[in-house]
Each structure stands twice: as structure tokens, then as C-alpha cells.
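Colleague: Each chain, letter by letter, is given below.
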Amino acid sequence: MTSTGNAVPLSAHAFTRSVFTKTLHDNRRIFTVWALATAALAMLYAAYYPQVSANTAAKIPDALRGFGLSDTADAAGYLQGAVFGLLVPLLATFYGAATGARMISADEDSGYLDLVLAHPVSRTRLLLQRYAALAAGGVAIAAAVLLAMLAVRSGAHLGAVSVTGFAAQAVHLALLMLLFGALGTALGAATGRPRATVFGVTAAIGVASYALNGFAPQIGADGLRYATPFHYYIGTHPLTEGFQPLPILTMAAATAVLLAVGAWRFDRRDLGR
Amino acid sequence: MTTAIELTELTKTYSRGRAARRGLDGLTLSVRAGEVFGYLGPNGAGKSTTIRLLLDLIRPTSGTVRVLGLDPRRDAVELHRRVGYLAGDFVADGRQSAGECLAFLAALRGGVPAARIGELAERLGLDPSARIRSLSKGNRQKVGLVQAFMHRPDLLILDEPTSGLDPLVQQTFLDMVAEARTAGQTVFMSSHIMSEVEAVADRVAIIREGRLVAADTVAALRARSLLEVRIDFAAPVPEAEFAALPGVTGLRLDGTTLTCHVDGAPDALLKAAARHTVIGLRADTQDLEELFQSYYAAA
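In the order they appear, the protein sequences are chains A and B. Per full-length UniProt numbering, the first sequence starts with residue 1, numbered consecutively. Per full-length UniProt numbering, the second sequence starts with residue 1, numbered consecutively.
Only chain A is shown next, with the shape it has when bound in the complex (with noise of 0.2 Å):
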């Protein structure tokens, strides 16, 4: 490729050469602090495993098994439920419903997406590059709570559960990042809705799929567990039983399956003013 501009600093330049890049730059800031907020919340939880095995009395009800918050006792219970199964999942669901509306809705509701798309860009490319952005926001995210666990392994007595556990774990945590940024992504270009629907339509299927994971078991339709990503997210238990092909491919699977219906709807609609 030329030179595409002298006048322009030069560190800026390289990060505006193609969409992806440059909806890098822009997130820049938003996808660190997502990731050291994320990290740091899952360190202070996980770190606080020591003085909850100590109180071996810690009573769970009966209605809330099913969110996995039960055998505090043991390490990998303890962060399924408390860590890995309540705050940094609803975390990333917000993450991919937020970053996923941002990535197609609020360029159509401005205006831009009409000059980018004037350009020789196809919509599936621009959507495409757009969502890999997303997608990479989350590996970074999923990283940074990788890191934070493996630095407080040892001094919070989680040796017991295996590096292999918690890099499986930060995997499934990725894909469900992935799925729900696909989600919002998806469900901005097929309906050319305002980002705050987008927004609020994709939280809301996550709140709602989180508590039906949880409660399926009390209202006796264990079933419909499988319907929602949080079995294979973590029902599956990726911290002992590590990497399995069926919940990752699942859930990428899911993930394919919605940027594709989002691109084909994008591809056949009116762009909105």
C-alpha cells in the first residue's frame, strides 16, 4: 500500500487502514478497562477462597444449586460458583450485549455507516471486521482473568484446580463473550434498531437465560438448560474436567450461526437515516 498521509502522526496512521483496525483504536481504552476491571474483580473474589473453605458451615438454600453455588468447601466449586458462575459471566454478557450494539446500531443511528459503506466495503466485510474487533476485545478480556487467577493461585490455595482448569475456563468465558457480542451484533444489523434496543434486547436475553440456567433444575424442566449458553459456559465444568470439544463447539457454532443470519439480513436491507 502508498503512503496515505504525511501530515497525519504516524501512530494514528497505522491504526487506519482497514476497519478492524481502526475499531481497535477506538475501543482501545473501553476494551482495557473492561479487562482489568473484569481481572481485578475475579482476583478479589477468587482471593477471598481462604477464609470461605475455613467456615466449612456456609449454607447454600436449596433454590440456588442450580447456579452452582454449592461445595464451597472445595476450591473449584468454590470459584464456579462464586467467581466463575455469577459476576464475571454477567460481566461478559454486559460486555457483549454493550460492545456488540455499539458495532453496527451506533454508526447507523449517526449516520457514518452510510460513508463507510460508500466505500469500496462490503456490508458482510464491514460487519465482519467490526465483530473480529469485538472478538478480540473479549480473548483480551478472558486473558487478562487468566492472569489474574494464575497470580493468585497459589497464595488463595486454588492449587487444586489445574492451569489447564483455568485456561479452559478463561476459553469457555471468551466464547461467551464471543456469543453475545455476536448476539448484539447480529441483531443490530439485521434490524437496524437503535443501540440502546440492541442493547437492552441483548442484556435482557442473557439476564433472562443466566436465570433459567439456574432455576431450570427447581422448575423441573432440567432440559432447557441445554438451550441456554451458560450450560456449556459452565454447567459443563471446564475448571476440573478442562478443555471438551462439545460446549467450545457449541458455543462457536452458536456464535457462526448469528453473524451469519445477521450478515444476511444486512446484506438485504435498508441501511436507516
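What the hints contain is simulated information worked out from the structure, not anything from laboratory work. Treat each hint with caution, since some may be false.
[Unchecked claim] One-sided excerpt, in silico: chain B residues whose CB lies under 10 Å from chain A: (1) 77; (2) 89; (3) 108; (4) 147; (5) 202; (6) 203.
[Claimed, not checked] Which stretches of chain B does chain A cover? Using the computed rule of at least three CB atoms under 8 Å from a CB of chain A, they are: (7) 80 to 86; (8) 92 to 105.
Note that the structure is predicted; figures quoted are calculated from it, not measured. Even for Gly, the Cβ is constructed at its ideal location relative to N, Cα and C.
On the provided structure of chain A, position chain B as indicated by the hints.
Modeller: Chain B in isolation, oriented as in the chain A frame:
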């Protein structure tokens, strides 16, 4: 190729919301390669709808669109490579500086020489280091003009290009359009002000409520314009003697003063007037702006 834009029976109905709104209604129009084409109409007539159809940002309800011999939908990427587009309300990324924005858009096109961008920016008086968010409407419009012209596209599609520009920059813009024509580029520009396109356009089309009402050269449209006549009589005259004359419209009698428009030969009017004592007579060709107003208003 001799035809740059070919629209056939183009209809666009917006279905969003409860009330379906008709944006275009059977529009047929052809723009020759290498000409500057003015696309005129009042706000809401369907100008932006037409332009967004040309760029595949929206899709026709029925009818066909060919741009540079290509199908805007199927050949979108190739077509966009050869088109420069300025939107009616140009929106860029406010966080970028003008230079960063232009470098990004150039990169999407596979690169444009920096010197070319710099030359256009300088000519329009645009500071590349200014953040777009902080720019005035007029300066933002300059960014839009640079990105539309910078890659020397075969076809320039400009939606209300001069809005917000001060008169000096408007002149620079008109020079750029004239140079583009000299270089063999086709320019399709919309406006709701006739005088704006009169200076550069080879041909103009006028649309109203999604339909074509006239398409011709500026000179031919001027020839069609009405005569504005004012006659002062020595004494009041009966309106009935003038109301039914051939070609006379917009008749008004104010005491001893008669005003009207005449389409075609004023012979009948003059002969009717000659039956009375005429103390004053004035006849002007209607200016183009008024002509367009009459096209806009015509039922």
C-alpha cells in the same frame, strides 16, 4: 460508455412505521457520461432517496438502476471504487482529525497519494490537524468534498454539496466541478437552489414528490420561462376581457394596473390591451429561480 446513470421506472416505498411513504414514484432518468447534471427539487422531493439508491445504501421497491454500467447491488464494491459520494448531511468520525479521517477513507480505497489530499485540503482551506468534532458545518463539508474528489472517481455523486460553504469556497467548489468535467468525470449533484447548479450544470432535472417534472438543458428551460407582464391603464378595465386570453395565467387587476404571466406569444394580450388607453407597459422574462418555483408548485 455513453450513459453514466440510467434509472428506469424507479419506485421506492418506505415501509418502516405504520404509514408507507412513497420516496420515488416511477422515475425514469438518464445521465450521460462526462456531463455535469443538476438534480433539483424541494426538500423531501426524493433527491436523497435517488442518491442513496445509486449507492446501494437502500434498495428499490421496483424498477432498475444502472450506474457506470454496473448494478449497484451486485457490483457494489467495484462501483464504489469508481464513485465519490458526498452525503447530504456528511457524518464522519468526530474523534478523528480531518487528516486521520481522510487517510482512513483513502486506505479503504487502497490508498490515495498524500499530496493529492493535501492539495485539495489546502485549496478548500481545510486544516488537516483539526478534530472533526470541533469543526463548523462548513469545514466539515470541506472534509466531505475532499473525500469525494480525492481519488478522481469516474462519477461524483454530490448531495447538496454547497450547503454550509461560504461564497468563496462555493466558487472553489464550482471550479473543482468544472475541472472534473474537463477531466472527463461525470458529476451528479443535487440541490434545492437553482442558481447553485445553473453555473456549472449541462443539464438539469427537476423532481417533485418522487416524479420527474422536467429534464433539459438550462438554456432550454430558460426558453420555456414565462413572460411577466405589467400594464398600467388610464382608467379601470373589465377583468373579463383579459381572463380568458390564450396563454395568460396569474391575472391580477389592481385598480388600473394589470399583472399576469404569458406563456408563448403575447399577441392576444396586447390586442386586448390596445382597446384601452395604455399609459405604462413592462414585460420581463421570469428568472429561473421563479421558474423552478413554478415547477415545484405545479400540480
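Colleague: So, for every hint listed, does it hold in this structure?
Modeller: Results of checking the hints against the structure:
Because the beta carbon of residue 77/B sits about 5 Å from the nearest beta carbon in chain A, less than 10 Å, this interface hint is met. The beta carbon of residue 89/B is positioned within 10 Å of a beta carbon in chain A (closest approach about 6 Å), and the interface hint is therefore held. Below 10 Å, beta-carbon pairs count as interface contacts, and residue 108/B has one with chain A at about 4 Å; its hint therefore holds. Satisfaction of the interface hint for residue 147/B is found here, the shortest Cβ-Cβ separation to chain A being roughly 8 Å, below the 10 Å cut-off.
Annotation: residue 202/B was flagged as interfacial toward chain A, and the flag is violated, the nearest CB pair being 24 Å apart, outside 10 Å. Using the Cβ-Cβ criterion of 10 Å, the hint placing residue 203/B at the interface with chain A is not satisfied: the shortest such distance is roughly 24 Å. Coverage of the segment 80 to 86 of chain B by chain A holds [criterion: at least 3 residues with CB-CB distance below 8 Å; count 4]. Counting residues of the segment 92 to 105 of chain B whose CB lies closer than 8 Å to any CB of chain A gives 11, which reaches the minimum of 3, so the coverage claim holds.
Hint violations for this structure: numbers 5 and 6, all remaining hints satisfied.
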